[in-house]
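Chemist: Each chain, written out:
Number of protein chains: 2
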Amino acid sequence: MSSPNPQVNQDKKSHRVCFMPMGTMAEVAAGTTLRDAAKDLGVAIEAVCNGRGSCHKCRVRVLEGHFEDHDIRSHGDNLSSHRQTESHLIEKGRMRADERLSCQARVLGELMVYIPDESRRTHAVVRKSLGQREINVDPMVRNYRVELPPATLASRLGDWERLADILEEQQGLAAMNIDLHALRTLPQAQRTNGGVLTVTVWNDCEVIRIVGGERLATYGMAVDLGTTTIAAYLCSLETGEALASASALNPQVGHGDDIMNRIASCNGSLKLAAMQKMVADTLSQLARQLAMQVSITTDDISEIVLVANTVMHHIFLGIDPHALGVVPFAPTVCRSVDIKARDLGISILPSANIHLMPVEAGFVGSDNVAVALAEGPHTGEALQLIIDIGTNGELILGNQDRMLSASCPTGPALEGANLSFGMRATPGAIERVRIDPTTRELRFRVIGNPYWSNKIAANEIGALGICGSAVIDIVAELLNAELIDHSGRFVEEIGSERLRRDTDGRLEFVIAWATQTGIGRDICFTQADIRAVQLAKGALYAGAQVLLRKFGRQQPDKVLIAGAFGSVIDLGRALAIGMFPDSGLENILSVGNAAGDGARIALLDARRRTEADQIARLVEYIELTADPYFNQDFVDATLLPHAEDDFPSLKGSLAGQRPKPAEYA
Amino acid sequence: MSSPNPQVNQDKKSHRVCFMPMGTMAEVAAGTTLRDAAKDLGVAIEAVCNGRGSCHKCRVRVLEGHFEDHDIRSHGDNLSSHRQTESHLIEKGRMRADERLSCQARVLGELMVYIPDESRRTHAVVRKSLGQREINVDPMVRNYRVELPPATLASRLGDWERLADILEEQQGLAAMNIDLHALRTLPQAQRTNGGVLTVTVWNDCEVIRIVGGERLATYGMAVDLGTTTIAAYLCSLETGEALASASALNPQVGHGDDIMNRIASCNGSLKLAAMQKMVADTLSQLARQLAMQVSITTDDISEIVLVANTVMHHIFLGIDPHALGVVPFAPTVCRSVDIKARDLGISILPSANIHLMPVEAGFVGSDNVAVALAEGPHTGEALQLIIDIGTNGELILGNQDRMLSASCPTGPALEGANLSFGMRATPGAIERVRIDPTTRELRFRVIGNPYWSNKIAANEIGALGICGSAVIDIVAELLNAELIDHSGRFVEEIGSERLRRDTDGRLEFVIAWATQTGIGRDICFTQADIRAVQLAKGALYAGAQVLLRKFGRQQPDKVLIAGAFGSVIDLGRALAIGMFPDSGLENILSVGNAAGDGARIALLDARRRTEADQIARLVEYIELTADPYFNQDFVDATLLPHAEDDFPSLKGSLAGQRPKPAEYA
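If you're matching them up, the sequences are chains A and B in order. So in our numbering, spot 461 of the first sequence is number 461, and the numbers just go up one at a time. So in our numbering, spot 509 of the second sequence is number 509, and the numbers just go up one at a time.
The reader is advised that the hints may include incorrect statements.
Identical chains share a label here; the pair holds if one copy fits it or two copies do between them.
As the list claims (entries may be wrong) - Restricting the straight-line Cα-Cα distance to at most 35 Å, the calculated cross-link-like pairs of lysine-lysine (DSBU-like) are: (1) LYS92 / LYS550; (2) LYS455 / LYS92; (3) LYS340 / LYS92; (4) LYS550 / LYS277; (5) LYS271 / LYS57; (6) LYS558 / LYS57; (7) LYS57 / LYS277; (8) LYS550 / LYS340; (9) LYS558 / LYS13.
None of these hints come from the bench; they were simulated from the model. Predicted, not measured: the structure shown is a model, and the values here were computed from it.
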């Protein structure tokens, strides 16, 4: 990454930057380019020239004004002044005056930045971002420069034996093995570069690559293989730097949205092999994308660390997952495994290792272990509750004394799936909803458009459906505006024009009028949708209750919301509908894609893999359905809370008081 | 193998049995079936019913009379009497009276048995036979019967972890790994047979297969990958028994007969990969054949040990062999390597190991190491000279104190290739030639026909060319009949009708008249052919001289002729033309396919692999062309010896005296 301007570097402050339409926000060190800031957040901006300012593809727009939702005052002056290239482009009319090249403009203050569709590398919104943790760099894969003198008639050894001797003498690497693929490259590598070789060694025991000349840079990939999304992060194994990230839809989505359907799709070895290949091909494609982004070859990627839930983990290995779908939900393998890339059909260096972190149980996967590795509940006294909301809800409750885990049958409602107008978090999805509790006026915002629905013409909105973050908003706001009661039932007596009955007589609430949509009909939230959210949040809450009871505690010291979904929802509103136990709003944090961070940690620091193996063995998996109180907890928890009674920390905030007028302006 | 009849079993004697037209001969224990005897010699007889006497495909013919060449008096009474099946077939006219089912007829005395073409499984003659050595059975691969109780909600481990625990508790197998292929079979194997599993373990460290139920038999394959022929032996890894053997032409033969042309054919990675695949596919096919023969699946073959010369070894691994063709002839890898079958494209158990024995140098391969392992020169005081005549001639000279090896540039003449009428040892090839030194009458015998040419009508012979064994005969007999002198020149003055000049005026000697051939013209041996044989045998002799000089000895204590060719040539006549130093005719032995035997030893006894690795490091490779005396030795050795002076042990035998009248009857 390029270093900041000298005059800017003196400013040690950091500023809040929010990238729209994804809504991804972070504290960014002053002087960072917008493109680097976006990259660190996993937001991919087109960059053919890799940041040299010559391709002009990375342009973004600075939004002006005060954005109360994020408490950001954004202004063009909060960026470094135009570079010559940019002024030139604007003069020639090839760039708008409010646009900047994100690789040239550096952060000097708070910003709300809009990334137009054409500047984004992928059209699916990347929501899995890389955290900003400090990671020790001590990788499994290292490159060594070696000079191998040419063979002579007198040398009584083969080339490989001579090379192994040199590795032992000069690097202390004894009893080395060599992968067949690497062995095959030895004759060619030797012929060039005067005997100078770069030898790539895995785990101090196996040569996995030999190239002619000195090429010391090494790269690895961390992968979070989700039921819905696959996120991949390319890292330098020397500096630990996250160089690029990319994500793709898990192509198995076409074969079942949820875990159980996915298992059913693996019926027979041919179908299983096909499902395996889908993911392998997508990973190969992501590797290709990432390699191109930083101008390396896929053969330069010499290790992958992958985390996944147990079903994705088994299918990725080509192991029949059926046993995971029936009592006793037994995995075929739990411990971490190391497999050659070629054996899994991943097109990186064929001899590269794919490290799959250990899984805990049938419903608690290595993604959960990775979250624990990243958040470290086992390293401190504070009792952490970590909630990873993916297609399934996974919980960890623990501290240095003990760790418990559970899997909650949330269903996909919290991700916006299986609702009347539910959709994925892609452009056009309603992502925020506000209802004025006095006037009951409603406004919303869609992904891909920075403006609230009440600030622009109806035909400029083009809403397509409702995604997960808005689902939480809707239930919380309906409750706050007393449009639903604490059992979740619509309060028909209120008489809102938005609350009506469909042709079958069922109650529904209009979120977007047909004129505001791109689908030509009203987008509604139904009584059934509210029930689905109640079941999902009830499962999470009751799961946490079971774990707290096992632990003998009333509430956690900290609640960490992990996962792509966790980073986009409004935490206050999630608390208001009772999604998790209260530990004080200041102790409830969104930690982004902690599973991906855990994978990256294990990629960069080999010793942390041992820690992960220990975590997987330490964590006690609690099968919720086997707990005698879970069912009653679950039923109770489907109710919507009375904020004052149940959530002391909400007193004076959203649900406890009328909100401030500004919020509903 | 079926056990012999009780009444026959009491006879503890053994008898000489010779199988025609291959000429393969051995001492066979009385009571052994002809089919088993043939099988042990690597002669494959068709056997669809696997010896039950029901398929009637294994019929052979008993030749009657005294066969002086082998000193055998063969008679139908020297076999057990007809079984009911056989009498029935003869009655019905479905079998000739002189035919027997080889799976039913048991050896009771000396026999000359003819195996008709239709009873042989392959049409190429299998000349690589299995030796009769005693081998300790302590294989790398073992099967274990395990009972794996079903998983429960309480079991906190995956299936594999539970299985690994049982293997450790019950079998003492700690810290086990599992191959991905085996892991994939675990769910299915578990579902059946009430939790009883058979687990195949390699080297006490890796599970390579899991099947449901108890299936304890394990199988391995020993392979001798020659430049021309690939021989494969299927062995039981429990009993050590050689169950079946098969051979095939090395399909690379179409891309160069000799080593140097073969190297040239590997130009570019695509061509190299194609050459690799050819051999891999042929090995897969041989595995399929062998598996069918003993009614197992190819997945039951759980290890292969392979030996080859260094070029074949490198190409088989997919390693560019070009460096082996130019000074300093340096191999890319010497030490033994273990590679998964799937990584080499061999269709046996995908997770099976392919063990390639170590090579010594660019021109001395693992076949040479295997020969030393089988013959054990390093284990005794006697100075052994082992000559392995393949497409190249490889020498080992050594005893417990020291071992030397060399590779002689013999060229393919000794195998019958590159001669005017040279051909491979397949049916129709002239394999034996005799010239009466008094009358200068010539007779010959072809493969596929047990009778000498002077005993049958000319049009029943159908000679097609001359193979390696006849080449030695011809030169020795021409010399003995004084048709050539000691410089190898034809003695034109003798005035034989067979000695004539071709249209270009070059001298040639007619071996078979056109009427005796299947090609419609005279089959001749030319002056140039004699020169080629002189160069080949001169190289072998001079190579041995260099090694003896390094050792400080005049002659070896023992000469062992290994290789397919070694087992068919007439050793006395080979000595008469000066192919190797004299150590007394009684100390010159043909040891058959010792390389194949060495591979089988390493397959069956894991500890012998360590011994092989030591041999490869111990043997000092002598580059003949670097020896200052080699060239002069070579020139001298191209001359044909005066038997009385140069070969004391031949005094009174072939070259020293007129032969016995019977020999030339």
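Chemist: Work down the list of hints and note, for each, if the structure agrees.
Modeler: Status of the hints after comparison with the structure:
no. : hint            : result
1   : LYS92 / LYS550  : neither (68 Å within a copy, 86 Å between copies)
2   : LYS455 / LYS92  : within (32 Å within a copy, 104 Å between copies)
3   : LYS340 / LYS92  : neither (53 Å within a copy, 62 Å between copies)
4   : LYS550 / LYS277 : neither (41 Å within a copy, 60 Å between copies)
5   : LYS271 / LYS57  : neither (41 Å within a copy, 43 Å between copies)
6   : LYS558 / LYS57  : neither (42 Å within a copy, 81 Å between copies)
7   : LYS57 / LYS277  : within (33 Å within a copy, 46 Å between copies)
8   : LYS550 / LYS340 : neither (41 Å within a copy, 48 Å between copies)
9   : LYS558 / LYS13  : within (27 Å within a copy, 89 Å between copies)
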